[in-house]
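Protein chains: 2
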Amino acid sequence: MILTVTLNTALDITYRTAALTPHATNRVAEVSERPGGKGINVARVLAALGHESVVTGFVGGRTGDALRELLAAEGPGGQPAHAAVTDALVTDALVTIAGTTRRTIAVVDETTGDTTQLNEPGPTVTPAEWAAFLTSYEGLAARADAVALCGSLPPGIHVGAYAELVRLARAAGRPVLLDTSGEPLRRGIAARPDLVKPNADELAQLTGSREPLRATRDARRRGGRAVVASLGAAGLLAATPDGSWRAAPPTAVRGNPTGAGDSAVAGLLSGLVERLPWPERLARAVALSAATVLAPAAGEFDREAYADLLPRVAVTEQSSQPEQESHAPRQHR
Amino acid sequence: MILTVTLNTALDITYRTAALTPHATNRVAEVSERPGGKGINVARVLAALGHESVVTGFVGGRTGDALRELLAAEGPGGQPAHAAVTDALVTDALVTIAGTTRRTIAVVDETTGDTTQLNEPGPTVTPAEWAAFLTSYEGLAARADAVALCGSLPPGIHVGAYAELVRLARAAGRPVLLDTSGEPLRRGIAARPDLVKPNADELAQLTGSREPLRATRDARRRGGRAVVASLGAAGLLAATPDGSWRAAPPTAVRGNPTGAGDSAVAGLLSGLVERLPWPERLARAVALSAATVLAPAAGEFDREAYADLLPRVAVTEQSSQPEQESHAPRQHR
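First to last, the protein sequences are chains H and L. Per my numbering, the first sequence runs over residues 1 to 333. Per my numbering, the second sequence runs over residues 1 to 333.
Hints listed in this document are in silico derivations from the structure and should not be mistaken for laboratory results. A portion of the hints provided could be inaccurate.
Unchecked claim - Under 8 Å between C-beta atoms, here's a sample of chain H residues computed to sit facing chain L:
#: 1; residue: L20
#: 2; residue: P22
#: 3; residue: N26
#: 4; residue: R27
#: 5; residue: S32
#: 6; residue: L70
#: 7; residue: A73
#: 8; residue: V107
#: 9; residue: T111
#: 10; residue: D114
#: 11; residue: L118
#: 12; residue: P121
As the list claims (entries may be wrong) - Short, incomplete list of chain L residues facing chain H, as computed with Cβ under 10 Å:
#: 13; residue: Y15
#: 14; residue: L20
#: 15; residue: V28
#: 16; residue: E30
#: 17; residue: V107
#: 18; residue: D109
#: 19; residue: T115
#: 20; residue: L118
#: 21; residue: T124
Think of the CB as a built atom: it goes at the ideal place given N, C-alpha and C, for glycine as much as any other residue.
Could you build the full structure based on these sequences and the hints that come with them?
Written out as structure tokens, the structure is:
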């Protein structure tokens, strides 16, 4: 079982409109809702890959009820028509709080294909609720093959929360992945997680460098045992104890990038649990990520595209020497 | 008791953002929710004026539950801090349906003060649900001092629905006000409601004329016993069996016009039930409408502004002769 933690879950609502006109009244043509937050997205992809997963974090209020109901309906018991029969279970171990789970609204403009995102602030979590979560988390982590800590912190949670959760997972002897940003990432990485997966912006914010290989190696020095940076259409860059690799999709893909990072996390986690060599883990993560961009529904992946892309991902080992700044002339050639 | 009908109720959500940037991710700073739909807004203002009111229409799903809970909390039992102790009750006589009540989202850009509105489509109402509503409506209308039919029709309701509701109210000997637009207004006005309150656009769509006095009188010929057109900042124009009047606020007011038309309806209805002469009804409606524009919260009215504006509304009787096109030179002078 893989445990994913989403402290700031969300009810993700998608509105389709003919065209979004600011400062006017817009009719929404179509409304859809699904359980959201990075760890929940990761668990959904893990289940599609055949890995049992357990989701935890906080949930509350009417939107929390809606999230749980939709999550239960996604399981094999009530799976939507597109789910494969081989899907594994996503088990709900969310902790109920007094506050109300936030909504996120993605307004998709059908003329341009662009999305305008509106994110509500999360509910404030009380110290007693955090304490109840920690007790539950310790029990779940002890049974997990791997733990993923994903996304932002809701109001009320201390900025070192992920560092605390990393230490607890390590104390239980479980591999732990951290996917967050800003100060929670800075504190969390110092607690020595097995894997961190920043995107280019998060990595630059952490290290001060926009040169990916240099920044990835710097992030390892800050405490990440392995660091896999997601570089958008350019794929992934990994710095690990076994070496460094770049993994890129065979062609640039166009579509909705929502959830592509979460699919990459699911690819890395499943590869870790299956003890795949790094190049195979990275190829899987890149193919899943590209297949997510190609899927018509935000945050889902196109299974056919995944199967087609997987053998065609190019994984190349990087020099073990620190790379020069990429814009500097390579005078040693 | 005044009965207000809102067939397409809504949970009105307001998002405050520093600035709304299309095609980007926007953090919502503040979220508020309240029961919405024109008839519910009218009932809220009637209650503030001391008139007991009953709201009916359709409600369903989680958003319907939220709407009812918020509506119950607005009553004297759980009134918000700003409500006066003299407020009368708003009683919930909404009919439950299988579909889910729509949400409307008003995104208020705090930099410009502008609002971007996103309106979900309403739930589809089944023939059995409409039949259940009609039975309930007949019983409620028979006990009402006046009936107001407000807003758009949800999917599944036939376009002559308001005409049917006007006829049932008239058969029960109850005065009935109609505030809608498009084909439901065209059909509804032919059933001879006591009062219709179109805005300038609705009136032009109905009559083909943008000359307000001409169009208002045309709307009377189509079946409205009295027609009160709301002309935005210019106030109201009334054509009634007792004469025609213009009523205008003493100064142009600036603010959020959301709900100003609903406040005008509440002013007209309360004046009808209190048997006020037309000039007093119109002055009340104009003062309430302007005090709604001035209130910080959308759809509420500023009580102090109302008391200040009421004696200063200018009501002028119009000639009983059909007015010439306003842009034509007045050659008879």
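So, going through the hints one by one against the coordinates:
1. L20: holds (6 Å)
2. P22: holds (5 Å)
3. N26: Status holds, d = 5 Å.
4. R27: holds (6 Å)
5. S32: Status violated, d = 11 Å.
6. L70: Nearest chain L Cβ about 11 Å off; hint violated.
7. A73: This hint is violated: A73 (chain H) lies away from chain L, its Cβ roughly 14 Å from the closest one there, beyond 8 Å.
8. V107: holds (7 Å)
9. T111: violated (12 Å)
10. D114: Status holds, d = 4 Å.
11. L118: holds (5 Å)
12. P121: holds (7 Å)
13. Y15: Holds. Min distance 6 Å.
14. L20: Where the cut-off is 10 Å and the nearest Cβ of chain H is about 6 Å from L20 (chain L), the hint holds.
15. V28: holds (5 Å)
16. E30: Since chain H brings a Cβ to about 8 Å from E30 (chain L), closer than 10 Å, the hint holds.
17. V107: The hint holds - V107 (chain L) has a Cβ within 10 Å of chain H, the shortest such distance being about 7 Å.
18. D109: holds (8 Å)
19. T115: holds (7 Å)
20. L118: This hint holds: L118 (chain L) lies near chain H, its Cβ roughly 5 Å from the closest one there, short of 10 Å.
21. T124: violated (13 Å)
When each numbered hint is compared with the structure, violations occur for hints 5, 6, 7, 9 and 21.
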